[in-house]
Amino acid sequence: MSHRNQLAAQLAGRVGPADARGPGADDARARRVSRAAALSDRGADFAAAVDAASAANLAACLQCAKCTSGCPVAARADIRPHELVRLVQLGQLDEVLGSRLIWQCTSCQTCTTRCPQKVDIAAMNDALRRLSRTRAKVCAGTTVPTFNDIFLRTIRRLGRMYEMGLMASYKLRTLRLMEDVGKLPMMLKKRKLALLPPLVRGRAERKRLFERCRQAGDRKP
Amino acid sequence: MSYVFYPGCSLEGTARDFGLSTVAVVRALGIDLPELPDWTCCGSTAAHQSDPLLALALPAKNLASAAGRTVAVCCAACYSRLKTANHEIARNAATRRRVAEAIGRDYDGRTPVAHLLEILVRDVGLKKIAERVKRPLKDLRVVCYYGCLLSRPPEVTKFDDPENPTLMDRLMEAVGATAVDWPHKTECCGASYSITDVDTVLALSREILAMARAAGADAIVTACPLCQLNLDLRQKDIEAKFGESFDLPVFHFTQILGLALGIAPRELGLGSLVVDPAPLLAARVGMTG
Numbered sequence: 001m002s003h004r005n006q007l008a009a010q011l012a013g014r015v016g017p018a019d020a021r022g023p024g025a026d027d028a029r030a031r032r033v034s035r036a037a038a039l040s041d042r043g044a045d046f047a048a049a050v051d052a053a054s055a056a057n058l059a060a061c062l063q064c065a066k067c068t069s070g071c072p073v074a075a076r077a078d079i080r081p082h083e084l085v086r087l088v089q090l091g092q093l094d095e096v097l098g099s100r101l102i103w104q105c106t107s108c109q110t111c112t113t114r115c116p117q118k119v120d121i122a123a124m125n126d127a128l129r130r131l132s133r134t135r136a137k138v139c140a141g142t143t144v145p146t147f148n149d150i151f152l153r154t155i156r157r158l159g160r161m162y163e164m165g166l167m168a169s170y171k172l173r174t175l176r177l178m179e180d181v182g183k184l185p186m187m188l189k190k191r192k193l194a195l196l197p198p199l200v201r202g203r204a205e206r207k208r209l210f211e212r213c214r215q216a217g218d219r220k221p
Numbered sequence: 222m223s224y225v226f227y228p229g230c231s232l233e234g235t236a237r238d239f240g241l242s243t244v245a246v247v248r249a250l251g252i253d254l255p256e257l258p259d260w261t262c263c264g265s266t267a268a269h270q271s272d273p274l275l276a277l278a279l280p281a282k283n284l285a286s287a288a289g290r291t292v293a294v295c296c297a298a299c300y301s302r303l304k305t306a307n308h309e310i311a312r313n314a315a316t317r318r319r320v321a322e323a324i325g326r327d328y329d330g331r332t333p334v335a336h337l338l339e340i341l342v343r344d345v346g347l348k349k350i351a352e353r354v355k356r357p358l359k360d361l362r363v364v365c366y367y368g369c370l371l372s373r374p375p376e377v378t379k380f381d382d383p384e385n386p387t388l389m390d391r392l393m394e395a396v397g398a399t400a401v402d403w404p405h406k407t408e409c410c411g412a413s414y415s416i417t418d419v420d421t422v423l424a425l426s427r428e429i430l431a432m433a434r435a436a437g438a439d440a441i442v443t444a445c446p447l448c449q450l451n452l453d454l455r456q457k458d459i460e461a462k463f464g465e466s467f468d469l470p471v472f473h474f475t476q477i478l479g480l481a482l483g484i485a486p487r488e489l490g491l492g493s494l495v496v497d498p499a500p501l502l503a504a505r506v507g508m509t510g
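Heads up: the sequence lines are chains P and B, in that order.
When you line the first sequence up against our numbering, it's residues 1 to 221, in that order.
When you line the second sequence up against our numbering, it's residues 222 to 510, in that order.
Treat the hints loosely; a few may be bogus.
[Unchecked claim] Covered stretches of chain B (in silico footprint by chain P; criterion: 3 or more residues with CB under 8 angstroms from a CB of chain P, positions within the stretch not fixed):
hint : segment
1    : 288-295
2    : 312-323
3    : 412-419
4    : 471-480
5    : 497-508
[Said to hold, decoys possible] The calculated lysine-lysine pairs, modelled on BS3-like cross-linking and capped at a C-alpha distance of 25 angstroms, are:
hint : chain 1 : residue 1 : chain 2 : residue 2
6    : P       : Lys66     : B       : Lys379
7    : B       : Lys457    : P       : Lys190
8    : P       : Lys171    : P       : Lys183
9    : P       : Lys171    : P       : Lys189
10   : B       : Lys457    : P       : Lys171
[Stated by the list, open to error] Simulated DEER-style distance windows between Cβ atoms:
hint : chain 1 : residue 1 : chain 2 : residue 2 : range
11   : B       : Gly492    : P       : Gly182    : 11 to 21 angstroms
12   : B       : Gly464    : P       : Asp78     : 44 to 54 angstroms
13   : B       : Met222    : P       : Ala52     : 16 to 26 angstroms
14   : B       : Asp382    : P       : Ser69     : 39 to 49 angstroms
No lab work stands behind these hints: they were computed from the structure.
By construction, the Cβ of each residue, glycine as well, lies at the ideal position given by its N, Cα and C atoms.
Extracted from the complex, chain P is given alone in its bound form:
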C-alpha cells in the first residue's frame, strides 16, 4: 500500500464507525479522502515544481508582507505578493496561474531584495508566468505575453530590437491601433525611432540558439 493510500485509509478510519452508514460507505469515504489527499499532494507538487523551476526558496516565507509593502503594483493588483506566495504553497493552481498580479508585476525586484527570508519572489513570478502560459491560464486583458512573443521573434530574426517593426506587429496583434500614434511624428522628428531595421550578422547562429533553448525547455517538464 502506498503512503498516500495508507494515509487515506487512516484518515477514513477516523471518520466514524463503518457499520453506522451501511455497507460500502467505508469504501466511498476512503475514496473521497484518498481523492482529497491526492489533491493536496498535487498542491504540494505544484509548490515543489514552482520552487524547482525558480529556486525561490518558497517554504521559508513567513507571511511578513514586506514584499507587498514595497511592491509598486500591489495596490492595483487582484492579489498581493505575499498572498501569491501562500497560494502557491497551498497549491491553488487556478487562482495563482490565472491571477492578474503575475502579469502586472514589473520585475522591479524590490520584493526579492527586501525579503528577510531570502525568498526570490520575482523569480517565482517568472516561473508562474511560464506555467500560466503552458497551461493556458493567462488572465484576460493582459497583452504582455503577446508583446513578449513579438519582442523575442524580432530578436531572433534581427538580433536587435526594431521598435517600428515591434510596434506595428503589436498593434496589429492586439488591435490597440491608435494608442500613442499621435506621438509618432514627434518621435521621428526627434530621431527617437530608427527607420530601418538593424543589420546584425549571424542570423543562422541566432536561429540555432533560439531553437536549442526551445528544445531544452521542451525536455524539462
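Dock chain B against chain P, hints included.
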C-alpha cells in the same frame, strides 16, 4: 583597464541621445570604448518572463565574445541581464553546461560587467573628472534617479547601496551641480510595461515626478534609457491625466556630464529630449541658443 562597449538596443533607438552623449563623454575623458562587434539583444524582460535558458544564453553569447575585457553598459536593463547571467552561470555547473549547449561554446560567467557610472566614479575617478570641468553647473539642482535594475538585487549587481545609491549623486556633485537628496531614487517607473500597461506606467511615473518637484529639483537625471523614456516621453500624458504641471526636463546622466565638460548640446543629443531643457539651461547654466 580595457573596455568593450555593449550599447544595447535602446541606445540605437528611443535613447539614441544616451548613445551619442556616451560616445562624446568618453571621448572627452580619453576612455577607449570600442563597440562589441555584432552584439545582440540581451533578451530583456521578454526573455526572462518567457524562457529561463534563453534569458541566460542571449547575454552569455555576448559576454563570451568580449575576450576578457570589461563589458561597459549604459542601459540598466542590459546591465541587469548580463549580471544575472554571470551570477547564474558562475555559481551553477549544470546551468553553465546548459548555456554552453545553447550558445555552442563554454562560457564561465566571469567576464566583468560594469555600468558607465561605475567606470566613471570608480575607475576614472571623480577628481580627474572634476579637473576636466569647463562649465561648472553650480546653479543646477537635480535629483538622481537610479530606477530598479542597477541596484537590485544587490547580491547579483553589487552596484551600490540598494536603498540609497549615491554613485550618480557624487558624479553630479563632482561637476558642480547640486544633487538633492530624495526618497524615490530606486522606485519603479513601470519601465517594461511602457507599451503593454500604460496606465500603470503613468501612475508610477507620476509619483516620481511629483516627488522630484517636491524635493525642489530643476531636473531629473537618469541612468536607464527606459526610466528616462517613461518620465520624459510620458510626462505630457501624466500632466493631462492627473491635471498637474511638472515641466521637468529628464536627462541621461551623460548629457549633464557632457554639458559640464563643455561639449556642444548637439553632440549630446539634447534635441531628442521631449521636455525642452532650453529654458532651464538658459536660466541655470547660462546657455543660450
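Comparing the hints with the structure gives:
Using a Cβ-Cβ cut-off of 8 angstroms, 0 residues of the segment 288-295 of chain B lie near chain P, which falls short of the minimum of three, so the contact claim is violated. Here the segment 312-323 of chain B counts 3 residues with a CB under 8 angstroms from a CB of chain P, which clears the bar of 3, and the coverage holds. Counting residues of the segment 412-419 of chain B whose CB falls under 8 angstroms from any CB of chain P gives 7; the rule of at least 3 is met. Restraint check on the segment 471-480 of chain B versus chain P: 0 residues with Cβ-Cβ distances below 8 angstroms, three needed, restraint violated.
For the segment 497-508 of chain B, the stated coverage by chain P is not satisfied: 0 residues place a CB nearer than 8 angstroms to a CB of that chain, which falls below the threshold of 3. Restraint check for Lys66 of chain P and Lys379 of chain B: satisfied, since their Cα atoms lie roughly 22 angstroms apart, inside the 25 angstroms limit. For the proposed pair Lys457 of chain B and Lys190 of chain P, the alpha carbon gap of about 16 angstroms is at most 25 angstroms, so the pair holds. The suggested pairing of Lys171 of chain P with Lys183 of chain P holds, with an alpha-carbon distance near 14 angstroms, which does not exceed 25 angstroms.
In summary, the hint linking Lys171 of chain P to Lys189 of chain P is supported, as the alpha carbons are separated by about 21 angstroms, within the 25 angstroms threshold. For the proposed pair Lys457 of chain B and Lys171 of chain P, the alpha carbon gap of about 22 angstroms is at most 25 angstroms, so the pair holds. With their beta carbons about 20 angstroms apart, Gly492 of chain B and Gly182 of chain P fall inside the hinted range of 11 to 21 angstroms. Take Gly464 of chain B and Asp78 of chain P: their Cβ atoms lie about 28 angstroms apart, and the range 44 to 54 angstroms is violated.
Our hint of 16 to 26 angstroms for Met222 of chain B and Ala52 of chain P is violated, since their Cβ atoms are close to 40 angstroms apart. Here the CB-CB span from Asp382 of chain B to Ser69 of chain P is close to 19 angstroms, at odds with the stated 39 to 49 angstroms.
The earlier numbered hints that this structure contradicts are 1, 4, 5, 12, 13, 14.
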